[in-house]
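Protein sequence lines, in the order shown, are assigned to chains A and B.
By the count of numbering that gives the first Met the number 0, the first sequence reaches residue 123 at its end, each step adding exactly one.
By the count of numbering that gives the first Met the number 0, the second sequence reaches residue 238 at its end, each step adding exactly one.
Hints listed in this document are in silico derivations from the structure and should not be mistaken for laboratory results.
Do not rely on the hints blindly, as some may be mistaken.
[As the list claims (entries may be wrong)] Residues from chain A shown here face chain B by an in silico Cβ test under 7 Å; the list is partial:
{"hint": "1", "residue": "Cys-10"}
{"hint": "2", "residue": "Gly-79"}
{"hint": "3", "residue": "Glu-81"}
{"hint": "4", "residue": "Val-87"}
{"hint": "5", "residue": "Met-104"}
[Claimed, not checked] Computed footprint of chain B on chain A; a stretch qualifies when at least three of its residues, placed anywhere within it, have a C-beta under 8 Å from a C-beta of chain B:
{"hint": "6", "segment": "26–32"}
{"hint": "7", "segment": "41–53"}
{"hint": "8", "segment": "61–72"}
{"hint": "9", "segment": "90–100"}
Glycine residues also receive a C-beta, built at the ideal position from the N, C-alpha and C atoms.
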Amino acid sequence: MLAYLTLIFCCQLIGELIASATGLPIPGPVIGMALLFCGLLLHGKIPEELGGVGNALISNLSILFVPAGVGVMLHVKLIGTELVPISVALVVSTLLTIAVTASLMAWLSPQKAKTDEKSDGGRK
Amino acid sequence: MTRDFDQLWVYLSANPLLHLTLTLVAFHIGMFIYRRAGLNPLLNPVMIAVGLVVAVLTMTGTTYQSYFEGAQFVHFLLGPATVALAIPLYRQIEKIRQSGFAILVSIIAGSATASASAVAIAWVLGGTNEALVSLATKSVTAPVAMGISEQLGGLPSLTAVLVIITGILGASLGPYLLDLLRIKSWAARGLAIGTASHGIGTARAIQVNEVAGAFSGLAMGLNALATAILLPIAWYWFF
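Model the full structure from these sequences, guided by the hints.
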């Protein structure tokens, strides 16, 4: 358990080092994710305990955004003075992005993948 | 009695425990409401928790800086959790191999739509330059968005806030839009939510379906990459 937590931290640390050494505009954790993914490809399966540590982190992903979200209190004034352009842009653009991405993906997906999907498809 | 309480308050508010606990309790209240409402996307637990914490901080006159000293322990785990998203991604390796081309085209188109439409709408409605730059990266995961926005002359902290609001909007309104468009494929739903609303969308997608969660995490990573490369080029082209 602790060994796999250490592995995850190491992936992030190496990711941070790569990001700062190369000046890539990608954050360390995203590079770390790519590293762990490559490691899993090489290993060929997910070690059971790594799955457990990963689940513990990912199943609580939502709460990790709360501290950054509270930062909204710093910008209430600025957002207030530009409430209309900012809020209309956020809502319309977010919905448009979802519609474009989902429609393209549904349209371009190979037929085989689509039939695989239906077996576990549904609502929500 | 009041004096004792004042001293206790001074002690507690200088201790990370208080704001750490506040964050956890607020989130549990958010989760309780969200579950009670049958995982209704409109009652996003992050939104409820943020609202509660902001209310408490405002009432007690606490600054964001002193709150963050405690809350940073929660914030820190975002990095390791992002790394761990490789695990659900690996579980879907077969599906990703089958539709690699579709995934790439959809994410790049989604990424361009996210930036271009937000900037265009705000520009037409008279947004200032700072707001425009900060809006351009709104669909990208916060650390990347802040970096790009700074590079283009935006406000990194405003960017972070717009990113979080976008995440909540996509996670709460997205499922309804996808139902309306009759998109049934979990892969397409997850990909769209992850492209538009990064980690907050991914957090909800994982709760709903594992395939959707994996594709959402993938879309979050690739959208960050696409925007980081393409947006600065497009920006200097237009402005």
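Okay, the hints, checked on the actual structure:
no. : hint    : result
1   : Cys-10  : holds, 5 Å
2   : Gly-79  : violated, 12 Å
3   : Glu-81  : holds, 5 Å
4   : Val-87  : holds, 6 Å
5   : Met-104 : holds, 4 Å
6   : 26–32   : holds (count 6)
7   : 41–53   : holds (count 5)
8   : 61–72   : holds (count 12)
9   : 90–100  : holds (count 11)
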